[in-house]
Amino acid sequence: MAKDIDIKQGIDWTTIWIYVALLIVGLMNIYAAVYNVDNPKPIFSLEHNAGRQILFMFVAFLLILIILFVDFKVYDTFAYIFYGIWIVVLIGTIFLGSDIKGSKSWIKFGAFSLQPAEFAKTFTVMALAKYLSTMGVNVSKMKYAFRAALFIFVPPIIIILQKETGSALTFAALMIVLYREGLPGVYPALIISFILLLILALIFPNWAVVLGLALFGVLFWYLFLKRYERNKQNLQRVIGLFVLFSGFVLTVDFVINNVLAPHQQKRIKVLVNPDIDPLGAAWNVTQSKLAIGSGGAIGKGYLKGTQTKFDFVPEQSTDFIFCTVGEEWGFLGSFVLLGLYFILLTRLLSLAEKQKSKFARIYGYGVASILFFHILVNIGMTVGLMPVIGIPLPFVSSGGSSLMSFTMLLFVFLKLDAHRSYKV
Amino acid sequence: MLESRKPVILIFFYAIGIIYILRLFYLQILDTKYQSLGALNSIRREINIPLRGQIYDRNGKLIVANEEVYDVYVTPKKVYPFDTASFCNLFNITKGFLDSTLTSAREYSKDRPSLFLRQLTKEEYASVVDAMIQYPGFTFEQSFFRTYPGKTLANALGYIGEIPQKKFEEQEEEYYRKGDYIGLSGLEKFYETELRGIRGVKFTLMNVKGEEKGQYNEGKYDTMAVIGQNLYTSIDLELQQLADTLFKNKVGSVVAIEPSTGEILAMGSYPTYDPTLLSGKAFSKNYTVLSRNPDRPLNNRAISAFYRPGSTFKLVQAAIGLEMGVITPRTSFVGAPTMFAYHSGTYEAANLYNAIQLSSNPYFYNVFRKIIGNNSEISPFAQARVGLETWGQIVAKFGFGKKLGIDLPSETKGVLPDVKRYDKVYGKNQWKFSNIYSLSIGEGEYGVNVLKLGNLCATLANRGYWLTPHLVQKTGVNKDNIRGIKVETHKTDISPRHFEEVAKGMGLVVSEGTGRSAQVEGIEVCGKTGTSQNKKGKDHAIFIAFAPKYKPKIAIAVVVENGGFGGVASAPICGLMIEQYLKGKVERLAYKEQVANTRWTTVAGSASRTTTVSTPAKPVN
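Each protein sequence line maps, in turn, to chains A and B. The numbers in the working numbering rise by one with no breaks, and the one at position 398 of the first sequence is 398. The numbers in the working numbering rise by one with no breaks, and the one at position 141 of the second sequence is 1141.
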């Protein structure tokens, strides 16, 4: 192993170029978001997030070099150990972490602080890939599906204890991986149905949704099922689903009004009707939509945004960075950024399918799912399609932990991909 | 087999991607509500209100001007605790006012300025400005209020005031802000767009705390204020002021028109009010007092009151009769049956001139009967119907029953009785001449305002046509930069030679008939008396006159409410105003004094007048 290794060998340059493009987009928009009209500072200044982001990029570059130098088999071999260590770190953070904005998820290193929860995603994906690639594990069977789910659910539970609910939610994306590996399609179908029902239950009165469900059930029975399929067993299934869905709809109201904390209730309610509280709970969404909408087709021009400059949009350089893109670059810029992400996702899925090693394939799906979930929720909340959940936009939002963790997540896969002809 | 799940996942990704693209397309391109500068709370729109246009009389004398004043604004966040007692002393306000204004300003916004005190004069400003260093948070903004060097014409000028809530909500483009001034009546309302000028707008960047952050887009969208246009009116200020003097103790109205142009020379409604009362700080207090006055000084009687034209309408009947050929100037109705009594004997019905001179009711009863009967219908019901319709069409050409189109808001149409009206009262084909004969002498169901009477007089002076009456000759920033007002000529389609005969009769009215008190030495005045019957009290006195007889320069209509006979109460006012306008001054000062001091009761049924004008003839209506 002591031979000269060409670390570039087999590396997928398409993905790297998209990664670089996203970093540049990110840096430019972070600079625009923190740009002070009265007192402009150069982009390299460490006084603002843009300068710090450049520093993080150097660290990210070092991290990439390390990942590429390390033998690719390490990730497979030590997946459970990494996972285990990180669970300990996560638990430790609850006690040792510094309190930043009400959440105990940060560990301080001098001037910088690190959020272990961000890195937990990478190690969870590794452990999950390791487990699912084990001989004999088949998630179409309940027993294995349950065990796989345990891998997914332990870290977010600890993260919720750190009061970082947003970060914890991202683990739900790994459901996509399970689906790819054989989880019966009915589970994701049920989850999507529940999400749709939740939205319907928020918009329409309960009785209307239940009535609609009943109507749909009857239509389904007579129009979609063939005569010989209309047997007792299927009737029980349809009625069972109807009862389940109706029960869910009726529970939604109860849960929203009686279980959730008031600020969480509001975040959900303003999603459907932002006018109920434009200066309070809906302030973020209203301001963010205003900023994006005011960009128009081609935007106001670089550093010419007004809504994002003067602090109307909160967390401009981190969670709400997409507002700056929307305001200054308009529909064109938003389209290009979304386009970059979808090219990346497509590329990752097709690379994943090419893997000979099951571990690498599953890991690849894990990377794509995690990235997709972040894009879905982050952009969705800025355009008012998702509740406000504070998670970063991959590679674009400012912040060292998120940049490091996404870089690590992605480049471990690129390293695996570089050696895809090896079957472990 | 599980490989087929890759496209499912990919389709799911893309479905979300497409939803997001559509959402962005909607927000950024389809929905334009986010793209107006006004919607953005990071941009503050600062308005610069230009000076309002001034108003001049026909000789260039100033009627309305502006006084520059200062409004005080307060930005609560910048206010530090201060010595309230000396502050209240400085501005001459109470502690209660200070506290309540500060509280409501704080409720509006801590960071943005609110109006604190309106209209400090230059002197007041000078007296407080040095002390202001002790009171941060209070700022001054230049403003103005209306002043009236002409001290007259209040009803026609109208007034400005804070924009009413309804109007504020109805405005198409957002021009006015709450509390902005707008013309609420009269010329101020009609010419609001010209007078107000164009506001300047400055877009300033502002952060979420309301602090200024410089110009928006290097001022690309900023506009300069354009000063309001002046109104150059046709009012003769001296004539107008004379009318004020003559009507000092009376209720009524006067309109003087230059017949050849339709320009209004004077327009008065009495009792009037001091226009300065409705300018500035005391607006609402004074407005309440004025609006409660039973004589309704805020009302512009000249364009909105409702009178019967009385005997002045006989002139219209004469012109129509002559044009139809049912009478000649020599036609006599002596011995003809009539529903009316003679004032002074049957000779008043001997010919048209006598009839006009002495305002003969029996004569015009017969003229009107001939006009109504001037068709081939045999049944008296059908005859009356067709006759009234034909007559009504001609009368409408004089401007009766419709708006004349003067450049003032709230001009009334008046009423010209027509077939429909009598059908409603009596039933279709249930009425004939005997039901409508009182129309012959200008009584009955008519409704006219003084402007319409003045316009009738101008029509007679022009021998058959009239021009849209108007107060404003030109509008513009200065006299070189002007825009005319569209004035139309309206023809009665009655031959001028018939009007010549009418004018001859009107000349006799003043020289030796019922209107001798309108005589002016050296000037041939043509006039006609009228009495508008008033069910509520004493009749209203009407006089219309034009002068000189040939190439008339002025046509006047005067109504003195409860004045009784037009020849007594109204004719002297006409005479004096003609003298003023044609001679440039009134020589009969004692007579002017006497007319001015004559008081006519406005209370129904009680004693008539306190002093009497010596009248040369027995009053006849």
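Honestly, the hints are just simulated from the structure, not real lab data. Every residue, glycine too, gets a C-beta built ideally from N, C-alpha and C. Check before you lean on any hint, since a few could be wrong.
Straight-line Cα separation of at most 30 Å, DSSO-like style, residue types lysine-lysine; simulated pairs [as the list claims (entries may be wrong)]: (1) B:Lys-1413 / B:Lys-1220; (2) A:Lys-266 / B:Lys-1033; (3) B:Lys-1006 / A:Lys-143; (4) B:Lys-1413 / B:Lys-1474; (5) B:Lys-1006 / A:Lys-73; (6) B:Lys-1281 / B:Lys-1033; (7) B:Lys-1413 / A:Lys-354; (8) B:Lys-1110 / A:Lys-304; (9) A:Lys-269 / B:Lys-1033.
Reference excerpt, derived from the structure (chain B facing chain A, CB under 10 Å, subset only) [said to hold, decoys possible]: (10) Glu-1003; (11) Arg-1005; (12) Ile-1009; (13) Ile-1029; (14) Thr-1032; (15) Lys-1033; (16) Tyr-1034; (17) Val-1201; (18) Asn-1374; (19) Ile-1378.
Which numbered hints fail: 1, 6, 7, 17, 18, 19
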